[in-house]
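Q: Based on the sequences and whatever the hints tell you, model everything.
Number of protein chains: 2
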Amino acid sequence: MNRRELEQYLHEHIPLSRAMGVEVMKADWNGVTLRAPLAPNINHRETVFGGSASAVAILAAWAILYVRLHQEHVRCRLVIQRNTMTYERPIASTFEASSTIQDSPAWEKFLRTFARKNLARISIAATLSCHEEQVGKFEGDFVALTMKQD
Amino acid sequence: MNRRELEQYLHEHIPLSRAMGVEVMKADWNGVTLRAPLAPNINHRETVFGGSASAVAILAAWAILYVRLHQEHVRCRLVIQRNTMTYERPIASTFEASSTIQDSPAWEKFLRTFARKNLARISIAATLSCHEEQVGKFEGDFVALTMKQD
Chain A
1 MNRRELEQYL HEHIPLSRAM GVEVMKADWN GVTLRAPLAP NINHRETVFG GSASAVAILA
61 AWAILYVRLH QEHVRCRLVI QRNTMTYERP IASTFEASST IQDSPAWEKF LRTFARKNLA
121 RISIAATLSC HEEQVGKFEG DFVALTMKQD
Chain B
1 MNRRELEQYL HEHIPLSRAM GVEVMKADWN GVTLRAPLAP NINHRETVFG GSASAVAILA
61 AWAILYVRLH QEHVRCRLVI QRNTMTYERP IASTFEASST IQDSPAWEKF LRTFARKNLA
121 RISIAATLSC HEEQVGKFEG DFVALTMKQD
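Chain order of the listed sequences is A and B.
Using our numbering, read the first sequence as starting at 1 and increasing by one per residue.
Using our numbering, read the second sequence as starting at 1 and increasing by one per residue.
Honestly, the hints are just simulated from the structure, not real lab data.
Be careful, since some hints might not be right.
Copies of the same chain are indistinguishable here, so a pair counts whether it falls within one copy or spans any two.
What the hints assert, rightly or not - With a cut-off of at most 25 Å between alpha-carbon atoms, the simulated SDA-like pairs for lysine to any residue come out as follows:
| hint | residue 1 | residue 2 |
| --- | --- | --- |
| 1 | K26 | R45 |
| 2 | K117 | R45 |
| 3 | K117 | E88 |
| 4 | K117 | P90 |
| 5 | K117 | T86 |
Owing to the predicted nature of the structure, the values given are computational and were not obtained by experimental measurement.
A: This is the structure:
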């Protein structure tokens with residue numbers, strides 16, 4: 001799966017990603033970076049609406065799991081369970097959300113647990129940036145469930 | 001300010017609220033309830049995208065402050081500082097986010113602190129519901145700043 005395929009998937013299946021103007025800048029094993037412009041995400045202060053910042057961060061965090069599980073040929077349903085978001089600075093233009101999984105043991109444990117129990121939890125972090133300055137951070141817990149539980 | 005005025009304000013100044021189909025069902029001193037349909041907020045599982053759920057909750061929490069400060073004739077800038085969101089159940093249709101401020105002393109302290117320091121912080125909770133069942137909860141910290149700091 002390359003970044004164009006991921007972008008097309010997001011726009012087709014999560015229409016809000018299109019409404020927010022989300023572009024996929026990077027999507028590989030090492031990380032996902034999404035970009036969104038100010039205009040569709042603006043608020044009454046002419047900065048990015050917190051709900052948009054949060055939604056793009058959630059997408060970036062979900063997408064790194066989606067990309068990795070696709071590469072591992074693991075079929076599952078991913079559900080977000082909780083998240084925290086910290087807004088560090090107002091965002092006055094195009095912004096990016098970048099997720100990565102630096103903790104290899106946590107990833108290996110997530111895969112092993114899912115293989116054994118058809119249920120596993122992992123925490124994913126993402127950072128928001130604007131003009132290469134960090135403007136916010138996100139942390140969320142996702143659960144992988146077997147498709148059979150649909 | 002009535003609910004139609006708040007809805008018009010949101011749609012004009014925060015275009016994502018319009019893209020999400022947000023309607024204001026209630027907006028008074030005691031609470032704000034926003035409603036959003038599934039279609040513009042759907043995800044790849046045909047339930048509500050977590051980013052939409054979170055964004056509507058943020059709006060509901062911000063709006064109760066906006067409504068109350070308007071009634072108190074307090075002019076200030078409101079900034080979200082952090083939030084947590086818990087997704088308790090998948091949301092498979094139209095959903096609502098309701099905010100309220102039950103803690104009167106916290107509200108009074110917020111007003112007094114802002115009057116004295118031109119800077120005050122308050123924590124606001126909101127619940128998400130679908131068919132009158134609770135499906136998620138939100139808690140966020142907002143800061144009021146003097147307009148002069150713009």
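Q: Which numbered conditions among the earlier hints are violated in the structure presented, ordered from lowest to highest?
A: Checked against the structure, no hint fails, so every one of them is satisfied.
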